[in-house]
Structure formats: C-alpha cells, structure tokens
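Student: Sequences listed follow chains L and X, in order. Number 166 in this note's numbering belongs to position 166 of the first sequence; there are no gaps in the numbering. Number 395 in this note's numbering belongs to position 43 of the second sequence; there are no gaps in the numbering.
Any given hint might turn out to be false.
[To be verified] Subject to a maximum C-alpha distance of 16 Å in a straight line, what follows is the list of computed EDC-like cross-link-like pairs (lysine to aspartate or glutamate):
(1) X/LYS541 x X/GLU385
(2) X/LYS361 x L/GLU200
(3) X/LYS554 x X/GLU520
(4) L/LYS262 x L/GLU343
(5) X/LYS395 x L/GLU200
(6) X/LYS359 x X/GLU385
No lab work stands behind these hints: they were computed from the structure. Predicted model, so just to flag it, every value in this text is computed and none were measured.
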Amino acid sequence: MAERVLMKGNEAIAEAAIRAGCRHYFGYPITPQTEIAAYMAKKMPKIGGVFLQAESEIASINMVYGAAATGCRVMTSSSSPGISLKAEGLSYIAGSDVPALVVNVQRGGPGLGGIQPSQSDYFQATKGGGHGDYRMIVLAPASVQEMASLTIKGFNLADKYRMTSMILADGTIGQMMEPISFEDAEIETYEKPWALTGTEGKRAHNIVNSLYLQPDALEKTNFERYERYKLIEENEPMWEEYMMDDAEVCVVAFGIASRVAKNAVVAARAEGIKVGLIRPITLWPFPTKALRAAADKVKQFISVELNMGQMIEDVRLATECKRPVSLCNRTGGMIPSPEQVLESIRQAQKGV
Amino acid sequence: MAIVFEKPKALTDTVLHYCPGCPHGIIHRLVAEAIDELGIEGKTIGVAPVGCAVMAYDYFACDMIEAAHGRAPAVATGIKRCRPDNVVFTYQGDGDLASIGMAETVHAAARNENITVIFVNNAIYGMTGGQMAPTSLPGQVTQTSPYGRDVNHCGWPIKVCEMLSTLEGPEYITRVAVNNVKNVNSAKKAIKKAFQNQIEGKGFSLVEVVSACPTNWGMTPQKALEWVQSDMLPYYPIGVYKDRTAAKEAEGK
C-alpha cells in the first residue's frame with residue numbers, strides 16, 4: 001500500500017512542486033496561501049534551491065518570467081488580489097511562450113475582499129486576467145491529494161505546451177489536512193532548445209520576447225498559439241462523473257463546492273431523486289464534451305459555485321442551452337451548506 | 353590589410369532603428385565592446401527594456417529577453433538565480449528604471465543582486481514621443497510639461513545614483529556621460545568594470561549614462577550634446593557614487 005502522509009493543502013502543493021523538480025520559488029506574502037511560501041523558505045535552501053521573497057507580486061511574477069526563460073521549473077503562489085497584480089506578468093509569459101506554475105489560493109473579492117475561501121476568480125483564471133488573447137491551463141483541486149497531484153500535472157503540462165498552468169484552489173482546501181501519497185507522481189521532462197542558457201558560441205542567440213510590431217507577424221504568433229490551445233482542448237480536459245448513469249438532474253461544481261455538492265447528491269439520492277455530479281478538474285480546458293453529452297441525458301443542470309455565478313456561463317455554452325441551468329451559490333467567503341444544495345436539487349427535480 | 357576599426361562581435365548585423373544623433377548607438381557599442389573584451393558573449397544573457405531600446409534584443413548577439421516596462425531587474429533576478437554562472441545585464445531608460453520600475457531597481461540594489469544595470473538617462477520618454485520623465489529637469493519643456501516642469505506641481509527629478517548609493521546593498525554605483533570623447537572613454541571603463549564586478553561575484557553594479565534625445569528635445573545632435581554639458585551634468589554630476597571594493601581597499605591602507 002502506498003505510503004500516506006498527513007498534510008495541509010498548501011504544504012502539499014509546495015512538497016509536490018519540489019518533487020516535480022521545481023527549485024525556484026518567488027513570492028510575496030498574502031493570506032491564505034502563506035504556508036506555501038513558508039514551506040519553500042524552509043526547504044529550498046536545504047536542497048540547493050532558491051526561495052526568494054520579492055518586493056511585490058509584480059516583481060515576483062517577473063522573476064518567474066526570467067527564471068522560466070532559462071528553462072528552469074519555477075513557480076509562484078498568491079491569493080486573489082495578488083493574482084491581479086501578477087496579471088501583467090501572466091500576459092508576458094503567455095506572449096513569450098515560457099512555462100510556469102502559478103497558484104491562486106482564492107479568497108473573497110472584489111477589492112481587498114476578505115480572507116475566507118472563494119471561487120470568484122474563475123473568470124480571471126479561465127478568461128484571461130491579463131491583456132491580450134491567451135489562455136492558461138487551469139486546474140481545480142478538490143482534495144489535498146489533488147493539490148499535490150495537480151501541481152505535478154501542472155508542471156508537466158506547462159512544459160509540454162510552453163505556457164502557464166494555474167492551480168485554482170481556495171482557502172478551504174489550502175488549510176484542510178488530509179492523508180496523501182506521492183507515489184503515483186509521474187514527472188515528465190521536455191527538451192527546451194528555446195531556453196536562455198548562453199549561446200556558448202555554438203548557436204544563434206535565443207530571444208524570449210512578446211513584441212511584434214508587424215501586425216501580420218503578431219497575428220501569426222496568436223494563430224500558432226491557438227493551434228496549440230486547440231490540441232489542449234482536445235487532449236487535456238479532466239473531469240469526474242459521480243452517479244451520472246441514470247441522472248435526470250446534473251450538479252456541476254469544482255473544488256470545495258464539489259465536495260459540498262457530493263454530500264447533497266447522496267442525500268438527494270436517499271430521497272429517490274435521480275441526480276448526479278460532474279466535477280470539472282480542468283476549468284480550462286473546460287470539459288465541454290462531458291457536459292454536452294450530459295445535456296442529451298439529463299433534464300436540468302445546477303451550477304454550484306462560491307461566487308455570483310461565473311462557471312455557469314461555461315455550463316450554458318457547453319450544453320448549448322439545451323437544458324435549463326440554475327445557480328446555487330454563496331460568495332464573499334461563505335460556503336453553501338449541503339442542505340442549501342439539496343434544496344436546489346429538490347427545486348430542479350420539480351422542474352423535471 | 354590591417355583592420356583598424358570593426359563592429360564589436362557582441363553586436364549583430366541588424367541595422368539600429370535609433371534616430372540620427374541618438375547616443376544609444378554609442379552606448380550599445382560600449383556594452384558590446386566590454387562583452388567582447390571580457391570574452392563573455394557566450395554566457396551573457398541580456399534583458400531589454402520597454403522604451404527606445406526595446407529592440408535591443410535584436411542588436412546584441414548574446415541570448416536576450418524582453419521585459420515588461422520597469423521589470424528588467426526582476427526578470428534579471430529570476431535569470432541570475434537560475435543560472436548564477438551566466439552574466440546577466442539589463443539595459444534600461446529613465447522612465448523604465450526610475451519611474452515604473454523604481455521598486456524593482458531599489459530592491460535589486462538592496463539585495464546586491466549580482467547583475468549589471470546599464471541605465472540610460474536622457475531626461476525624457478523617447479519612444480512614446482517626448483513626455484516628462486522622472487529625470488526631466490526643472491523647467492524642462494516636454495509634451496506633458498508644455499509650460500516647463502513645475503516642481504511645485506509634479507515634484508523634483510530623481511537623482512538615481514545619489515539615492516541608490518545610500519543603500520548598504522549595492523557594490524558599484526556610478527554616473528558617466530557620452531557627450532564627448534573623453535566622457536565616452538570613461539563610460540567604457542565604467543561599463544567594463546560593472547561587468548567585471550559581476551564576473552567576480554561582487555554584486556549589483558549600475559552605470560548611469562547621461563545621454564541625449566535630440567529628437568524629443570527639439571535640438572540638433574550637436575546642440576543636444578551641448579545641453580548635456582550645460583544643463584544635465586550640473587544636475588547629474590559625473591562620478592563614482594559607491595564602490596564598496598575601492599572603499600574597503602582605501603580603508604585597509
């Protein structure tokens with residue numbers, strides 16, 4: 001049996017990153033992701049790595065950009081307001097096609113908001129955040145085990161597609177403790193001939209850059225990048241289906257909301273309601289195919305979110321509005337109770 | 353036939369886009385000559401700024417990266433921390449380094465980050481068409497200070513070398529100019545020293561090069577160089593503002 005250790009969600013991310021070969025961490029303090037930086041500060045100097053506390057979120061993401069350009073596995077972590085500050089760097093990283101891992105342990109917003117768990121950065125993560133046409137791979141862990149395994153997956157995907165992977169977690173999973181295992185971790189490595197390593201007089205100079213003053217040249221880089229994004233949409237969506245076989249109502253939820261939703265699904269089943277759950281694990285690429293297939297079987301969808309209704313737009317797009325989609329939500333750091341979700345399932349069942 | 357003059361190897365054959373009379377060409381050349389003479393082109397990684405020198409990545413033959421406005425010292429930090437054996441330099445203007453990137457500049461200096469910073473101060477935003485810079489002189493007319501820089505309204509120009517030299521962190525902070533042959537020769541020595549310091553692991557070295565912008569100053573190249581002498585240098589005096597190694601050696605004597 002795999003060896004299991006009890007870890008806090010945030011620490012699981014940090015340990016997984018180290019196991020994935022990340023030896024460079026640049027960050028700036030913010031609640032509720034503090035444990036990631038603390039873990040790195042303690043561990044990195046002992047394993048020949050670098051932990052550096054930057055002067056700002058802006059500086060830290062630009063340190064990540066520079067480090068990523070050398071081909072190193074590198075990461076930063078922050079929480080919602082800090083991610084807004086990093087948005088400039090995220091856009092440059094996308095435009096320069098370098099791989100990086102960015103963690104957002106979300107808290108309530110907008111503005112300074114609060115420090116309680118939230119999912120209100122769904123739009124920011126999946127639709128851009130920074131300027132320009134670009135995507136990030138967005139991974140949404142729902143357990144401490146997934147905090148670890150998706151971190152490793154995130155590094156692999158970032159290197160594979162030369163882009164940012166974002167772990168979109170929340171304050172609850174960050175603080176939660178669960179037993180986890182690292183034994184199944186698969187570390188992939190990729191050649192990086194584009195990296196800045198010094199020419200050594202053996203090759204033409206490498207340039208890492210996102211400036212193209214000729215519009216046709218800039219358009220071409222965007223077209224090429226979106227060809228890559230198409231491959232990702234084809235090959236990388238991840239999701240979990242729970243009790244969907246005979247479901248007439250489909251609950252859609254990710255992260256901590258999905259765990260509340262799962263309890264509600266079980267309770268509803270006990271009442272004889274045919275309900276199931278689709279849990280997107282990748283938020284981009286969104287598991288469109290799974291939802292489109294579900295739209296042909298179920299009669300009603302419920303999007304359960306810790307925000308004012310953001311993923312619900314992608315649910316409607318994926319299902320092509322074939323079925324009604326309702327919202328069951330709390331926000332500002334509040335979490336819906338299983339009873340609230342159960343009630344929304346009962347209401348949806350009436351509609352069926 | 354003996355070659356008496358040639359282009360430094362650390363520069364590519366790309367034609368520079370700079371305006372006639374712009375000293376960026378001279379400063380690029382001084383950087384490239386220093387790289388050539390130290391034999392470090394193969395392990396150098398340069399960071400280009402946003403501003404007139406944005407396309408420096410096409411001009412230097414070493415590996416290059418383009419940073420966001422003001423972020424070059426942070427990008428250089430990321431590179432250097434991953435590849436401590438490479439030589440990393442930034443090339444930045446006054447808007448980039450002393451306005452939007454001031455935090456990155458100050459903290460890279462405070463950490464004594466082992467990088468070389470070439471800071472070109474021509475007291476104006478060149479690429480965007482001549483707006484007031486953090487180093488524009490009192491009374492200087494620019495597009496965004498059309499009645500002359502009023503210090504009561506928008507404050508005083510920042511003396512970067514004077515300010516950074518108050519920090520414990522940095523190794524070497526110096527100001528040079530490129531308005532005449534004598535100053536160009538001194539500038540070359542300072543730039544080479546700033547690279548040499550990094551090779552020797554001494555830490556953060558910044559060379560402020562007082563430059564000119566004939567186009568946006570609305571002057572002929574000749575007049576612009578005269579204005580550097582008559583107006584810029586009295587406010588931004590040439591000199592070594594901090595040299596930790598030299599200071600230590602002097603103490604030891």
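Student: Each hint: holds or not?
Tutor: Results for each hint:
Of the pairs offered as hints, the one joining X/LYS541 and X/GLU385 holds, with about 10 Å between alpha carbons and a cut-off of 16 Å not exceeded. Among the hinted pairs, X/LYS361 with L/GLU200 is consistent with the structure: their alpha-carbon atoms are about 14 Å apart, no more than 16 Å. In summary, the hint linking X/LYS554 to X/GLU520 is supported, as the alpha carbons are separated by about 13 Å, within the 16 Å threshold. Simply put, L/LYS262 and L/GLU343 have alpha-carbon atoms about 13 Å apart, close enough for the 16 Å limit, and the pair holds.
A threshold of 16 Å between alpha carbons decides the hint, and for X/LYS395 with L/GLU200 the separation of about 6 Å falls inside it, so the pair holds. Using a Cα cut-off of 16 Å, the hinted pair X/LYS359 and X/GLU385 holds, with the two alpha carbons roughly 9 Å apart.
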